[in-house]
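*Asks:* The lines below spell out each chain.
Number of protein chains: 4
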Amino acid sequence: MEREIFETRFKVRSYECDSYGHVNNAVYLNYLEYGRMEALEAMGITLERLKREAGALVVIRRIDIEYFWPATMGETLVVKTYVKEGRRSSGIFRQEIYREPDGKKIAAADVTWVFVDLEGRPIAIPQMVREAFRL
Amino acid sequence: MEREIFETRFKVRSYECDSYGHVNNAVYLNYLEYGRMEALEAMGITLERLKREAGALVVIRRIDIEYFWPATMGETLVVKTYVKEGRRSSGIFRQEIYREPDGKKIAAADVTWVFVDLEGRPIAIPQMVREAFRL
Amino acid sequence: MEREIFETRFKVRSYECDSYGHVNNAVYLNYLEYGRMEALEAMGITLERLKREAGALVVIRRIDIEYFWPATMGETLVVKTYVKEGRRSSGIFRQEIYREPDGKKIAAADVTWVFVDLEGRPIAIPQMVREAFRL
Amino acid sequence: MEREIFETRFKVRSYECDSYGHVNNAVYLNYLEYGRMEALEAMGITLERLKREAGALVVIRRIDIEYFWPATMGETLVVKTYVKEGRRSSGIFRQEIYREPDGKKIAAADVTWVFVDLEGRPIAIPQMVREAFRL
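Residue numbers (the working numbering), protein chains in the order written: chain D, 38 to 172; chain B, 38 to 172; chain G, 38 to 172; chain C, 38 to 172.
Bound-form chain D, shown alone (with noise of 0.2 angstroms):
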């Protein structure tokens, strides 16, 4: 079977560079929870919606996330996102980060999510995302 990556890209822009230059490393996990959103949303699936028909919240546990070259104002970006693994309750998402139009490799992270109850205890994972991403 195949996995389907979703791809986001976008612009790197002023605000979101430091002192040297490069994008602050905090920022690459805004570019990944952006591609994360897009990626759902794409699905139909949004955080409310998840909230509301599901009493689901989605709650990150960890990110393992590697540097191999800085970005920097105005490039073009494009993070690939696709669930590389997934549990009942919990999963990860595989994300990487390439510059366009060179494909060189920017970042790449391991993501892991697990879905909660409002209380913030864990659930099984929704079926409307069992079924998007065919876990």
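It is possible that part of the hints are untrue.
For chains that are exact copies, the list does not tell them apart, and a pair is met inside one copy or across any two.
Stated by the list, open to error - Capping the alpha-carbon separation at 27 angstroms, the derived lysine-lysine pairs in DSS-like fashion look like this: (1) K142 - K48; (2) K117 - K48; (3) K48 - K88; (4) K48 - K141; (5) K121 - K141.
The set of hints was computed from the structure by calculation and includes no laboratory data. Every value quoted in this text rests on a predicted model; they were computed, and no experiment measured them.
Chain D is already provided as a structure; the job is to place chains B, G and C on it using the hints.
*Replies:* For chains B, G and C alone, coordinates are given in the frame of chain D:
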């Protein structure tokens, strides 16, 4: 009658600076927000309590900020906050940012806010706020 | 003579929103900066080139922003940017933010900037900028 | 030999929280950076001095962060930072974030860094850093 002036002190952090090594212009609005929250909290008021007890949200309508001198990493700043003007449902905070210990003026702003109910309609300033700031 | 208006489009990202679910007030200043950089770039001008070829830095002196309506995650916004006024070394950008596709006005700002040399002294607006914006 | 542990205390600010009312995941990386800068500064080392005296830049290669419990607005946090491992040109900072006064563990990270010269090539850890952290 004297106006009470609230002071909030903090150090400029590395990730708040841009490629010129200066605090990014938008970050000063974060500092101002931090100063306002601390001023409210010093009076025993939180956004949570305003919402729960008075069904009130504070919305910012306008910010007019002047930048006098750039702040850089590691410098200690103080935000001075006071209520400059209060009307029925709105008012203006005056906020000035100084560098310590030399007192160099960094920025100054007039921040216009309004209280609204949960549907977004203007409402009278909640009593707890009137009392706290003697409006 | 007609004024050229530059448009920059983008989507509101999840991490730009606060606990009310609205774009944080400071983030709009990031959007404005992004709009100005894109306007400059559309004219072939970058901060790097200004520094290298004209020994010039652009410094923001004042931002007067009005907030009309909150933007929320996933909405598409457009920043419209034009030069409202130009003097010897300074000028004012007018920038307005609209929601698409309904055209709801979200925010509007006057941004006063000045060109300075590497020691921070005001200098005449560089020729490349005068030509680009017909000042 | 004992490891020296550096502690940096601060309060969570309103604009650092997301629509769940929790500190945004990326913001923790800002906190970690702040903690590292304060640890360096406590030893008399700044990025500026490293660049000027040793021609050295510090680059982050990897951050592996676990999130245990969400922090919310107004809470006081402490970042504990120490050098876990040092090699020829690289090393690992261990950083843990706790809530005060109850000591609840919020997050913990291994941060891998490397020293490079102004062209980006790995170089030996500068002597001032070796001495400061007894590497």
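*Asks:* For each hint, tell me whether it holds in the structure or not.
*Replies:* Tested hints:
no. : hint        : in the structure
1   : K142 - K48  : both (15 angstroms within a copy, 24 angstroms between copies)
2   : K117 - K48  : both (15 angstroms within a copy, 18 angstroms between copies)
3   : K48 - K88   : between (31 angstroms within a copy, 22 angstroms between copies)
4   : K48 - K141  : both (15 angstroms within a copy, 25 angstroms between copies)
5   : K121 - K141 : within (22 angstroms within a copy, 31 angstroms between copies)
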